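Asks: Chain V: place on chain E using the hints.
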Amino acid sequence: MRRLLPVAVAALALFSAGPFLWSVLTSLKPAGELFRVPPTWIPRSPSLDNYRDVFEQRPFARYLLNSLLVAAVSTLITLAAAAPAAYALARLRLRGAALAEKAILAFALFPPAVLLVPLFVAAREAGALNSRLGVALVHAALNLPFAVWSLASFFRAFPAELEDAARVDGFSRAGVLLRVVLPVSAPALAATAILVFIFSWNEFVISLTFLTRDELRTVPVGVAMLSGVTVYEIPWGQISAAVVITTLPVVAAVLAFQRGIVRGLSAGAVKG
Amino acid sequence: MLAVPLAVGLAAGVGGVGDVLRDRGMGRAAWNTLVFAGLSVTLEMGLGLAFALLLNREFRGRGLARAMAILPWALPTAVMAMSWRWIFSDSWGIANDLPRTLGLMNEPVAWLGRPATAMAALIAADVWKTTPFVTLILLAGLQGVPRDLHEAMSLDGAGPVRRFLWVTLPLLRPAIALALVFRLIQALGIFDLVWVLTGGGPADATRTVSLEAYDSVFRHLEPARGAAITLVSGAFIFAVALALGALARGRHAE
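Quick note, the sequences are listed as chains E and V, same order.
Using this note's numbering, the first residue of the first sequence is number 888, and each one after it goes up by one.
Using this note's numbering, the first residue of the second sequence is number 12, and each one after it goes up by one.
The shape of chain V in the complex, shown without the other chains:
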């Protein structure tokens, strides 16, 4: 259903691929995207695993806790990005008031006004938004880990840490690989959050590849450059997905 329009639109970009690969702005955007994807996905995998282990335990109100845990993922990114802009507001934001109340900070920080803190804010908002996806996939994976295996190791005197490392983690590997591939693909294509929260600023510090492609077409009116960027980034994302998929399968087959 999508193949035909994609082919039509991309044909315009073939000639521009070489230019894009040598382009300064594109290099900057690619670096920002890699930094963003690397940091946010690492945090999301760690936090998602912790949440999944927690939600896999038996306790009263677990259904409600699970619903709460998937909530951020189900909310509209662009709309919640407006919430995050308000949270990170330098004068009225709770991201300044909370640390001040706790005595962690004396001076308010212009979170979205400085390159490093703007990237940190972007990552924080993304971790909030997409950790639930990792939690969900890993929780489904945990349900396939047989309980009696844990009990048997427990009888042999293995503590919770060793049981986690020797039983849970190996059995969870396919789920981890799946979550990692999907999260990485999504993070490399981030757009909504950047467009609303930082607009790529300050001084292009949070400008990502998708934003670069968007601006080529809609601000600078160079659709051929946009199509060329799409070709390059699409090929890169596809290669990453294939490589990670192969890696996961190869390890699995051992």
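In isolation and in its complexed conformation, chain E is listed as follows:
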């Protein structure tokens, strides 16, 4: 058992990183090597041409900018709305709070594709199509339940004595939240923000349907739609380069903030 442990861990790491690593290797192969049969595993003549081409021949920089904008704005909206709601659930003894939390939990992981049709119809009526702000708002709405749930479990773990002391000193509830709880909760807010940002950065179906003009597209949609004139001309080298560029920030965030992300995700999860 003990001797098998390193092997099992290595297998787990390979399983997890495999497809990403394969994209990295593919992205470094020049056109001639890409379509060799059988495929080479390690690029024989590695080159960065695919990375240059995806920026020069495609509006990839534009997609990146759009994704950054949408994810940043939606993260800000989500946190601004989630923090007071989570605090109210955690601290105020409201009637029906337990039920409200269960309902929020139920919505937290409802797949957006199922809600797509009504959301799209409503957005069209409201004239919110082809608007990056519109997509950011929908992302915020979709991520809000998760953020409330995650922050509420952090706030519960916060010592109430500190807040009571602040109340005695004459702070209002909102004042306590703003001046005492939020500054101390910075790590929790950061963990939630990272996750919500990643969710928005990765989101596909809303962006695909709401943003139909190419110059507004986000990265996942742009990458999924990179294609040549025929199926046989799909630019796999450029696609692989785009995959690596898009996923690299997420890989870096996960490796750097592993502890916070795990805590943010599993907070309260086991209570359920």
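Hints listed in this document are in silico derivations from the structure and should not be mistaken for laboratory results.
If you're wondering where the values come from, they're calculated on a predicted model, not measured in any experiment.
Built from N, CA and C at the ideal position, the CB exists for glycine as well.
Be aware that a few hints might be false.
Ranges of calculated distance between the beta carbons of each label pair, as one might list FRET restraints [as the list claims (entries may be wrong)]: (1) ARG111/V x SER932/E: 31 to 37 Å; (2) LEU935/E x ARG184/V: 50 to 56 Å; (3) ALA1139/E x LEU166/V: 41 to 47 Å; (4) ARG158/V x SER932/E: 33 to 39 Å; (5) GLY72/V x ALA1139/E: 15 to 21 Å; (6) SER1059/E x ARG158/V: 41 to 47 Å; (7) ALA61/V x ARG931/E: 34 to 40 Å; (8) LEU258/V x ALA990/E: 15 to 21 Å; (9) ALA246/V x THR927/E: 31 to 37 Å; (10) PHE922/E x LEU113/V: 20 to 26 Å.
Replies: Structure of chain V alone, referenced to chain E:
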């Protein structure tokens, strides 16, 4: 925040619910979705439990191993689906080259070109992508299993298998139920992966309910049918979640 647009959009579908329930294409999509969800979630629960037990042990570099384990879940599904398309490419894919190198296969397989293998490819990509979620939830659950209980049983001569069955598994049940409910809801609503990897093909073999709703609105320009499908599948998913939740609670209360 979402309730109002949802109500507005869904009202259009109320009249079409009956038609959708009798519709051939919808029946096919529902069957595909159930097959996909059943197989992928079963595999994910098994693999996720194995990963969680592994990552709960003490070893050097455990933090890094945990980070690696959650990685697939954090990556964008639609983008990684493009990677999987390349992996499953019939001429240049590593899904053909690797078995050939190991001597398991002589002829290349057109993974995404045949109904059964396309579904298998879809399930494989989904297992890769979402097992980390199960691992995470179960790992959090394992941290609530007291160590001294294991030690006490160990002194009584119980081996690792019996300790797992008698201590770990019962205490892990709430976490397992939670992971199962969430995974099932997500799998029943699968869209991104199908849209990019197979487009529902070949011959509609991987066409799922969400894709059917999407195509109703965006390809066939029948938003009322799309709304009706949403009503039916939303109600079904909600019922599954409630039933599983009740089951988990009922067992728990015993």
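Asks: State for each hint whether it applies.
Replies: Status of the hints after comparison with the structure:
| no. | hint | result |
| --- | --- | --- |
| 1 | ARG111/V x SER932/E: 31 to 37 Å | violated (23 Å) |
| 2 | LEU935/E x ARG184/V: 50 to 56 Å | holds (51 Å) |
| 3 | ALA1139/E x LEU166/V: 41 to 47 Å | holds (46 Å) |
| 4 | ARG158/V x SER932/E: 33 to 39 Å | violated (54 Å) |
| 5 | GLY72/V x ALA1139/E: 15 to 21 Å | holds (18 Å) |
| 6 | SER1059/E x ARG158/V: 41 to 47 Å | holds (44 Å) |
| 7 | ALA61/V x ARG931/E: 34 to 40 Å | holds (37 Å) |
| 8 | LEU258/V x ALA990/E: 15 to 21 Å | holds (19 Å) |
| 9 | ALA246/V x THR927/E: 31 to 37 Å | violated (51 Å) |
| 10 | PHE922/E x LEU113/V: 20 to 26 Å | holds (23 Å) |
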